[in-house]
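Given chain R's structure and the hints, the job is docking chain C onto it.
Number of protein chains: 2
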Amino acid sequence: MALIVKKFGGSSVATPEKIMAVAKRVLQEKHPEDRIVVVVSAMGDTTDDLISLAEAVTDKTYGREMDMLLATGEQISISLLAMAFAKLGHEAVSMTGFQAGITTNEVFNKAKITGIAPEKVLAELNAGKIVVVAGFQGITKAGDITTLGRGGSDTTAVAVAAGLKADHCEIYTDVDGIYSSDPRVVSDARRMKEITYNEMLELARLGAGVMHPRSVELGKHYGMPIHVRSTFTHEQGTFIREEYTMEEKEFVIRGVTHDTNVAKIAVLGVPNRPGIAYKIFSALAKANIDVDMIVQSIRVADKDIIDMVFTIAQGDVARARSILEKINQEISFGGLTIDENVAKVSVVGAGMLGNPGIAAATFGALADASINIEVISTSEISISCLIEAGKVKQAVNSIHNRFFPAN
Amino acid sequence: MALIVKKFGGSSVATPEKIMAVAKRVLQEKHPEDRIVVVVSAMGDTTDDLISLAEAVTDKTYGREMDMLLATGEQISISLLAMAFAKLGHEAVSMTGFQAGITTNEVFNKAKITGIAPEKVLAELNAGKIVVVAGFQGITKAGDITTLGRGGSDTTAVAVAAGLKADHCEIYTDVDGIYSSDPRVVSDARRMKEITYNEMLELARLGAGVMHPRSVELGKHYGMPIHVRSTFTHEQGTFIREEYTMEEKEFVIRGVTHDTNVAKIAVLGVPNRPGIAYKIFSALAKANIDVDMIVQSIRVADKDIIDMVFTIAQGDVARARSILEKINQEISFGGLTIDENVAKVSVVGAGMLGNPGIAAATFGALADASINIEVISTSEISISCLIEAGKVKQAVNSIHNRFFPAN
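In the order they appear, the protein sequences are chains R and C. So the first sequence is numbered by the working numbering: it starts at 54 and just counts up by one. So the second sequence is numbered by the working numbering: it starts at 54 and just counts up by one.
Next comes chain R alone, as it looks inside the complex:
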């Protein structure tokens, strides 16, 4: 007898027929004694349609009223899914965010969950009902409806699972698990049976798109195992949890990712004075520009001059350029080059901590493929290399082949 929270996204409930299919699937997999909570997003394009309605009324944005509007999307899908369960002969009850006891802070449009009061959901589960909970929404202490922003429904599912002390949380997606690399790039990519929260977070940060980091962080915080699996098959997917349950760690590296939405910025010939780096990076931070892979180098010929290289997302290039040119008027550095013809490839794995050869093996794999490394950065559980954009596929395959040799 397990207590399981299952989350289905908007494309899984896009039509009345798909809603019925979700209900059938949940019932097929349910053991008689299981207690099941289903978290759903709004049907298909509903959220976009609601936004269009608001845009037809006003060109301004209103946080509270927009959340009031958008929250209806999930309220529609939960009621229809509860009806589908009932039609199939299983008692079910739908709950909005506030009914499910999901409280948030007051940041409309991207509220954070501050607490789960699980009593009502538990009471209905214990009465034998399937409980269908609206994802993506909650309520403030003052009683205002909020929405959670990006990754919101996954976050709802993990938070509700944590609040209920569920056995685990299942996230149904259009892929059947977490892969050692993007299967569209690496034909030999392997599905991981297990992966740690930290590895998943690092993979997400470095370009793997399956899970939004937010829900993984929540899972990590509460030690809630997250099972990422396919909407379309019954196979087991990938469990995200604190530690591998298997003694033998099959692969040291858990994934090879890539990210082509990268621009390399080189600020050359900067006076080597305290506070210069602060000036540059605080100006970028103020403009909400995320900076990654920072390398600072002192010139051998002139120790008073440094060069700074870092990467940002390509969408931020124009704003970064104008910020840096403004700073240049004050500090006058030697030169500014921006290169969007780059990509980042990374290897991620908690196992690299006890395996000193990982960096060397990664660089070796790139050298074997005659790929130049422009910048290197490392974290405790990852190594990233900036390379020429055109060589991404080759680089990812060469590295992947090194760590996941063909059987």
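Please note that the accuracy of each hint is not assured.
Which copy? The list can't say, so a pair holds if one copy fits it or any two copies do.
[As the list claims (entries may be wrong)] Once the Cα atoms are required to be at most 30 Å apart in a straight line, the calculated DSBU-like pairs of lysine-lysine come out as:
#	residue 1	residue 2
1	K194	K218
2	K173	K194
3	K165	K339
4	K379	K339
Don't read these hints as lab results, they were simulated from the structure.
Chain C only, in chain R's frame:
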């Protein structure tokens, strides 16, 4: 400085443009110190669209889940209307039924309001905001969302007005008030400046369609004046209240109504025994058939035989016939005739209590027009006559002309 609750129906908020027009109108009429609550229905066909979605999932009906679904309709329109106010520069806040403190009983799909907790609405009004409240919905003590059924949004408006001790409640409709008769039938029909709750209830019962009796009853119970007025003009409409505020009662009769959805049933030659009427009318009541205008007559020639005549709605004729034929097998009465070629014309006015000539004047007006009266029934404040269906227009005009002489 007044506190006014204004209600706009679904056709008034059917599109983003119409929502903006409602917001503009409310602001135009608002005095700086006025505190305004706006109650709105779901946009245009939204409710029908939601019902179609549910029907695509299941052919059964689920009270709680249907209310969860339908309540989204008003939640959409309140958020958009609040945005429209903000766009026009006036602070506004939307509230669902539960946020506005509207509690109901547990009868899903047609819940009755059991209480209004006005604190949150009052706090926002006192902060200078326009409060936009979702009509047609509330919440049970257990926290389940309910909808109020027919006449629900008008009822919300009057209930909220009563809970807030508002000065009055304005119901915006596609007509500009309550008329002395249907203007499509009587070209000379007068708009009433005032009418009592009881008169309005009697008019509604006898065929006038402007207001659902439910909200009028609530207004009567709380003594909340209801101003029925046009969405399209700024003119004053009709005030429904307990007493006329003017000393002189301009017209003794407040309205002449007609109802063509009537069938006359004659049960002839029934044995005159105790319990026979009970048998017939309890069987009809059990089938939810409303019976009106009952006349029982003893035959002069044979005191053991009676004839019974009554009217029902035409939609109930088939069921009534089968019920009566079944009873006929037990009691065996002499004959059963059903006549759908009839109509009911009525005069309504609290003033008739002190004016004994009203009945005579009504009958006289029909006689002047050579119209035969088949059945007569009276209440404290109304007189109804059953006549031949084809003569309705003539009858209504003749009676109207008697009580509202042309200027």
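Checked hints:
1. K194 - K218: Answer is both: 23 Å inside a copy and 27 Å across each meet the 30 Å cutoff.
2. K173 - K194: both (17 Å within a copy, 13 Å between copies)
3. K165 - K339: within (22 Å within a copy, 54 Å between copies)
4. K379 - K339: within (14 Å within a copy, 85 Å between copies)
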